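Peer 1: The sequence shown begins at 1 in this note's numbering and counts up by one.
Calculated from the structure, these hints are not laboratory results.
Please note that the accuracy of each hint is not assured.
[To be verified] List of simulated lysine-lysine pairs, BS3-like, C-alpha gap at most 30 Å:
id, residue 1, residue 2
1, K46, K107
2, K95, K46
3, K95, K107
4, K46, K98
5, K122, K32
6, K95, K122
7, K98, K85
8, K122, K107
9, K46, K32
10, K95, K32
11, K112, K95
12, K122, K46
13, K112, K98
14, K98, K32
15, K46, K85
16, K95, K85
17, K122, K112
18, K107, K85
19, K112, K85
20, K122, K98
21, K112, K46
22, K107, K32
23, K122, K85
24, K85, K32
25, K32, K112
Remember, it's a predicted structure, so these values are computed and weren't measured experimentally.
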Amino acid sequence: MKTQKISLAGACLFLLLAISAVAAAADFDWLKDFSVQAQLDPSGFKARLATRFNIGDAQVSAVLSNVPDPGDAYMVMRLGEMSSKPTEYVIEQYKSRKHQGWGALAKSLGIKPGSAEFHALKQGGDLDDNGSKHKDKGQEKGQGHGKGKNKGKGK
Numbered sequence: 001m002k003t004q005k006i007s008l009a010g011a012c013l014f015l016l017l018a019i020s021a022v023a024a025a026a027d028f029d030w031l032k033d034f035s036v037q038a039q040l041d042p043s044g045f046k047a048r049l050a051t052r053f054n055i056g057d058a059q060v061s062a063v064l065s066n067v068p069d070p071g072d073a074y075m076v077m078r079l080g081e082m083s084s085k086p087t088e089y090v091i092e093q094y095k096s097r098k099h100q101g102w103g104a105l106a107k108s109l110g111i112k113p114g115s116a117e118f119h120a121l122k123q124g125g126d127l128d129d130n131g132s133k134h135k136d137k138g139q140e141k142g143q144g145h146g147k148g149k150n151k152g153k154g155k
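With the sequences and hints as input, model every part of the structure.
Peer 2: This is how it looks when you write it as structure tokens:
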């Protein structure tokens with residue numbers, strides 16, 4: 001009787017974990033689009049990655065050769081950018097944690113679930129707009145805190 005209860009509890013736990021993994025994976029379904037884009041236009045996709053992340057072709061090729069899908073290459077670079085970690089470090093973490101999903105990897109890199117950065121990841125990629133859809137609304141309207149034209153000068 002006890003073994004049946006334990007087996008049932010184990011099965012329920014497994015089912016909950018499986019459902020959570022599917023739900024978390026759905027958050028990053030947009031990565032499939034990147035892989036399709038890369039298959040249709042490999043050199044264009046590489047060029048967009050290089051432009052978006054301001055890196056050379058050699059580094060883009062190195063990342064692409066270390067992950068199974070082009071969408072994964074984008075995500076590795078994006079997580080490196082967001083966490084201020086070197087791409088090589090993110091690739092190492094990806095290889096050791098890929099079974100846990102992108103959300104868990106982001107969390108392990110210091111990107112807190114629920115944060116603006118985490119929500120930006122879940123919203124989708126930004127290859128075509130150079131990240132503008134992920135910028136702070138105040139920055140989009142030119143209300144940043146930097147010293148721009150006519151800032152700091154009396155009128």
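Peer 1: Does each hint hold? Answer for all of them.
Peer 2: Status of each hint after checking the structure:
For the suggested pair K46 and K107, the alpha carbons sit about 27 Å apart, so the restraint of at most 30 Å is met. For the hint linking K95 to K46, the alpha-carbon distance of about 21 Å falls within 30 Å, and the restraint holds. Simply put, K95 and K107 have alpha-carbon atoms about 15 Å apart, close enough for the 30 Å limit, and the pair holds. Annotation: proposed proximity of K46 to K98 holds, straight-line Cα distance about 22 Å (limit 30 Å).
Restraint check for K122 and K32: satisfied, since their Cα atoms lie roughly 13 Å apart, inside the 30 Å limit. Taken as a hint, the K95 and K122 pair is honoured in the structure, with Cα atoms around 20 Å apart against an allowance of 30 Å. Restraint check for K98 and K85: the C-alpha separation of about 17 Å stays at or below 30 Å, so the hint holds. About 13 Å separates the Cα atoms of K122 and K107, which keeps this hinted pair within 30 Å; it holds.
Simply put, K46 and K32 have alpha-carbon atoms about 16 Å apart, close enough for the 30 Å limit, and the pair holds. Between K95 and K32 the alpha-carbon distance is near 19 Å, which keeps this suggested pair within the 30 Å criterion. With a CA separation close to 20 Å, the supplied pair K112 and K95 stays within the 30 Å bound. Distance hint between K122 and K46 is fulfilled; the C-alpha atoms sit about 22 Å from each other, no more than 30 Å.
With a CA separation close to 18 Å, the supplied pair K112 and K98 stays within the 30 Å bound. At roughly 16 Å between alpha-carbon atoms, K98 and K32 fall within 30 Å of each other, so this suggested pair holds. With a CA separation close to 21 Å, the supplied pair K46 and K85 stays within the 30 Å bound. Between K95 and K85 the alpha-carbon distance is near 15 Å, which keeps this suggested pair within the 30 Å criterion.
In summary, the hint linking K122 to K112 is supported, as the alpha carbons are separated by about 12 Å, within the 30 Å threshold. Distance hint between K107 and K85 is fulfilled; the C-alpha atoms sit about 13 Å from each other, no more than 30 Å. A C-alpha spacing of about 15 Å is found between K112 and K85, which places the hinted pair at or below 30 Å, so the restraint holds. Proximity of K122 to K98 is assessed by CA-CA distance (about 17 Å); at most 30 Å being required, the pair is judged to hold.
A C-alpha spacing of about 29 Å is found between K112 and K46, which places the hinted pair at or below 30 Å, so the restraint holds. Straight-line distance between C-alpha atoms of K107 and K32 comes to about 21 Å, which keeps the hinted pair within the 30 Å bound. For a cut-off of 30 Å, the pair hint linking K122 to K85 stands: about 19 Å separates their Cα positions. A distance of roughly 24 Å separates the Cα atoms of K85 and K32; the hinted pair therefore holds under the 30 Å criterion.
For the hint pairing K32 with K112, the CA-to-CA distance comes to about 24 Å; that is within 30 Å, so the pair holds.
Checked against the numbered hints given earlier, this structure breaks none of them.
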